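Chains X and R supply the protein sequences, listed in that same order.
Letter 180 of the first sequence, counting from 1, is numbered 180 in the UniProt record's numbering, and no numbers are missing.
Letter 404 of the second sequence, counting from 1, is numbered 404 in the UniProt record's numbering, and no numbers are missing.
Where hints are given, some of them may not hold.
[Unchecked claim] Heads up, simulated SDA-like pairs for lysine to any residue below, C-alpha to C-alpha not over 20 angstroms straight-line:
id: 1; chain 1: R; residue 1: 82; chain 2: X; residue 2: 78
id: 2; chain 1: X; residue 1: 28; chain 2: R; residue 2: 204
id: 3; chain 1: R; residue 1: 82; chain 2: X; residue 2: 84
id: 4; chain 1: X; residue 1: 339; chain 2: X; residue 2: 350
id: 5; chain 1: R; residue 1: 440; chain 2: R; residue 2: 377
id: 6; chain 1: R; residue 1: 440; chain 2: R; residue 2: 380
id: 7; chain 1: R; residue 1: 82; chain 2: X; residue 2: 94
id: 8; chain 1: R; residue 1: 442; chain 2: R; residue 2: 383
id: 9; chain 1: X; residue 1: 82; chain 2: R; residue 2: 82
[Unchecked claim] Residues from chain R that face chain X, not an exhaustive set, calculated with beta carbons under 10 angstroms:
id: 10; residue: 19
id: 11; residue: 28
id: 12; residue: 311
id: 13; residue: 390
[To be verified] Negatives, chain R to chain X, calculated, CB over 12 angstroms:
id: 14; residue: 113
id: 15; residue: 115
id: 16; residue: 224
These are calculated hints, taken from the structure and not from any lab test.
In this text the structure is predicted, and so the values were computed from the model without any measurement.
Heads up, the beta-carbon is just placed ideally off N, CA and C, and yes, glycines get one too.
Protein chains: 2
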Amino acid sequence: MASPTTSNISKNDFEEVLSPPPPDMISKRSYQTLSFPTFSAQLAEEIRNNQYDKQNNPTGVVNLAISVNQLMEDEVLARLNKESTLTLTSQHQYYNDTSGLPELRKAVANFLTRHHKPSEAISPENLVVMNGLTACLDALSHTLCDPGDVVITPTPVYGRIFTNFHDRAGATVIPLPCQEMENFALKEEDLKSLIKQYLDDGQRVRVFVLLHPHNPLGHVYSTEQLRNIMKICAQYKIHIVIDEIYAFSIHDRSTHFNSVLGMESLPDPQRTHVLWGFSKDFSIPGFRIGVIHSTNPWVLSCLRTLSHYHSSPPLTQHAAASLLSDVEWCDDFYVPTNKNKLAAAYKKACEYLEASGVKVHKTVAGIFLWVNMQAFLDECNEENEMALFMMFLKGGVCLLPGKKLYCAHPGWYRIVFSVKENVLEEGLTRIQAVLSKWKKSKESGSR
Amino acid sequence: MASPTTSNISKNDFEEVLSPPPPDMISKRSYQTLSFPTFSAQLAEEIRNNQYDKQNNPTGVVNLAISVNQLMEDEVLARLNKESTLTLTSQHQYYNDTSGLPELRKAVANFLTRHHKPSEAISPENLVVMNGLTACLDALSHTLCDPGDVVITPTPVYGRIFTNFHDRAGATVIPLPCQEMENFALKEEDLKSLIKQYLDDGQRVRVFVLLHPHNPLGHVYSTEQLRNIMKICAQYKIHIVIDEIYAFSIHDRSTHFNSVLGMESLPDPQRTHVLWGFSKDFSIPGFRIGVIHSTNPWVLSCLRTLSHYHSSPPLTQHAAASLLSDVEWCDDFYVPTNKNKLAAAYKKACEYLEASGVKVHKTVAGIFLWVNMQAFLDECNEENEMALFMMFLKGGVCLLPGKKLYCAHPGWYRIVFSVKENVLEEGLTRIQAVLSKWKKSKESGSR
Chain X
1 MASPTTSNIS
11 KNDFEEVLSP
21 PPPDMISKRS
31 YQTLSFPTFS
41 AQLAEEIRNN
51 QYDKQNNPTG
61 VVNLAISVNQ
71 LMEDEVLARL
81 NKESTLTLTS
91 QHQYYNDTSG
101 LPELRKAVAN
111 FLTRHHKPSE
121 AISPENLVVM
131 NGLTACLDAL
141 SHTLCDPGDV
151 VITPTPVYGR
161 IFTNFHDRAG
171 ATVIPLPCQE
181 MENFALKEED
191 LKSLIKQYLD
201 DGQRVRVFVL
211 LHPHNPLGHV
221 YSTEQLRNIM
231 KICAQYKIHI
241 VIDEIYAFSI
251 HDRSTHFNSV
261 LGMESLPDPQ
271 RTHVLWGFSK
281 DFSIPGFRIG
291 VIHSTNPWVL
301 SCLRTLSHYH
311 SSPPLTQHAA
321 ASLLSDVEWC
331 DDFYVPTNKN
341 KLAAAYKKAC
351 EYLEASGVKV
361 HKTVAGIFLW
371 VNMQAFLDEC
381 NEENEMALFM
391 MFLKGGVCLL
401 PGKKLYCAHP
411 GWYRIVFSVK
421 ENVLEEGLTR
431 IQAVLSKWKK
441 SKESGSR
Chain R
1 MASPTTSNIS
11 KNDFEEVLSP
21 PPPDMISKRS
31 YQTLSFPTFS
41 AQLAEEIRNN
51 QYDKQNNPTG
61 VVNLAISVNQ
71 LMEDEVLARL
81 NKESTLTLTS
91 QHQYYNDTSG
101 LPELRKAVAN
111 FLTRHHKPSE
121 AISPENLVVM
131 NGLTACLDAL
141 SHTLCDPGDV
151 VITPTPVYGR
161 IFTNFHDRAG
171 ATVIPLPCQE
181 MENFALKEED
191 LKSLIKQYLD
201 DGQRVRVFVL
211 LHPHNPLGHV
221 YSTEQLRNIM
231 KICAQYKIHI
241 VIDEIYAFSI
251 HDRSTHFNSV
261 LGMESLPDPQ
271 RTHVLWGFSK
281 DFSIPGFRIG
291 VIHSTNPWVL
301 SCLRTLSHYH
311 SSPPLTQHAA
321 ASLLSDVEWC
331 DDFYVPTNKN
341 KLAAAYKKAC
351 EYLEASGVKV
361 HKTVAGIFLW
371 VNMQAFLDEC
381 NEENEMALFM
391 MFLKGGVCLL
401 PGKKLYCAHP
411 GWYRIVFSVK
421 ENVLEEGLTR
431 IQAVLSKWKK
441 SKESGSR
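Input sequences plus hints: build the corresponding full structure.
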């Protein structure tokens, strides 16, 4: 193992370095939008500029914190660079329908209909395309919430759910904490009582957001459980936003994914909105393509207006459409091969980490592990969680600490396993090396 | 001349077809975002599906309403499809800095420095990239204004200035009407008194937006005039947003364009923000790339946060950067050739229209003519302006009526001249045919 670069970031660097703006320099609302170059931004920048590469940068950082799937990289690149898929023609050079190329909306509708098997085919007219799910969530926050309105989501959760609904659109995201001792299950009664609590407090609860499959938990939910949750939302006229960005990243062979798009007679169809995109399941986050499905004409109308500000280039939309329309490549080759590769990588990462004494939360979906390292912490608190995180970083491997995922229980980390095989191996080796060094220093009391 | 298709759109179709939403179905703020499929949307849809093409659709509509430059189409396509410019590699497949690829920000900074010749080179650190200028203006409206704050812009003006600042961000755009009898000059004293009027009324005036070169007027402003306007804005601490999207579309050979980026000692640099993009000057609106230049750290910080929702794919950013970085192609070939072609097309369109009895407002920049057809209207009012517009549409050619550009004086139209030569010829022929038919019917009193 190459000796990894020591990270230059120290704790003090996380402090804010931009002073507050003078009065009236920017709008009042954009105070919530100001970003101070702290932790995440500096870290992302540093890691982006110092990525591990076996040949060219063996002392760089192995990034297992950012959720990308590189297992199908060669296959996706080969398909997209085939023939004239990415050749620019006058058809895609100029302005197009900002709410999505008809070709792409049709291809997505057909693809989702083929796989989720709804009783009635999904209509391209119910789809709006935007430049990534990040933009889709922001646009939905504007459309469904006024500033200060309450959005609820089960935690731990992908951290940007909080920022996407709040940064610009100003909704307040409230966590529904799932409990470690209950295996992070989503409890319907907890959702109900949280809604009541905020309503009793005079607040407007507008949206329940569910990541399905869940990030970072890797859960999928049964149709029955989904229906029960939807009934609660319907009872209080709360919109439900189901983010299915990992719908085709199910690595467990015996698991069937129940898309809301395939469900019959939804409790409140006009308040049910489903998201999907190309960033995870087709490994092209750089194409910036997210899709919102809704049957609500007013929501669709708003989203189409907003799509002027969140439009995606026709060229990349066309190329993405060609992946789905090539049914043989897509359904017979890509989707099953991707699942097999995810299954193998999941198994490998699990086995290695368990052998290192790490407890792995068993999952069926997603491209990451959710792991418990509490056994390595003297005391189970946020400070120690972050201290171990910094040790990993100094040891040349970056994981995501549970704190950044709004986890109520310290000592959990998310580890992405869908990187290239040699990168995963290097990352796992470094994790083990850090853990045994950390353990030894603990045992000798030198920390 | 082929006999053009009669448009299927009649006046009644322009009425709203979506009923208001039930109470609490969508957020309060998104009522202003709801789009009703009326005039523009239906028209755009119809024209998009029935475009004139000499070979394949000779009875389609000649679209001289949408501002695209097709004069360099072959050259731009050839350059972008050259070698591996648009070949996807793993470098551009995944996530990147949402506020713009460093490669693109550097290429734009160098390009603008080469051409606008500021005393100090433009820094890539002062640039934020978003998916088109439409998104840039929306993001600036969020950053600089709170809902209801006042934005002022001289009219007539590109209509989306009104929607971009208002649709989502909720600022109120107030026209500063330029007068026909003053040749639509921008009068500093009028700006000053309009600002005072709104301030006296207790309103917050936050932004002055200037399109430079102006759309649809085709004006460029002298450094002295720009400085005077900036001084007024500085006096009232009003941000000035200069949209230079047509900076390299100067068709008059003797005219020098004074970019604000080349000006020395600005009156209020922290409140001066300049926009530029690839949609007009490089004919690739489909790439969705706009750039904001600012030296204000708080504005830049907000914009970088917002860029998560307005990001552009790395692949197309890389391709756009390659156009500017190929200095020989860009500076020695593309920019001057484009200007020459614009000059020739401008001259041709002017001469043809003037021979048809149309008064052309003399311009030096832009890719459109601003023309006066009042002589063809019995009475100079909006109804007649729209009636003549409908006659043009029925005659197979689409222009933009001044009303859609917030012109205070009926009888003006914007005509894009930078379409393909045979399309321009067909369009001009159809305009002339409609005008002589219209004139005859007027003379015989049969209307």
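Structure versus earlier hints, numbers of those that do not hold, lowest first: Violated hint (a single one): 13; every other hint is consistent with the structure.
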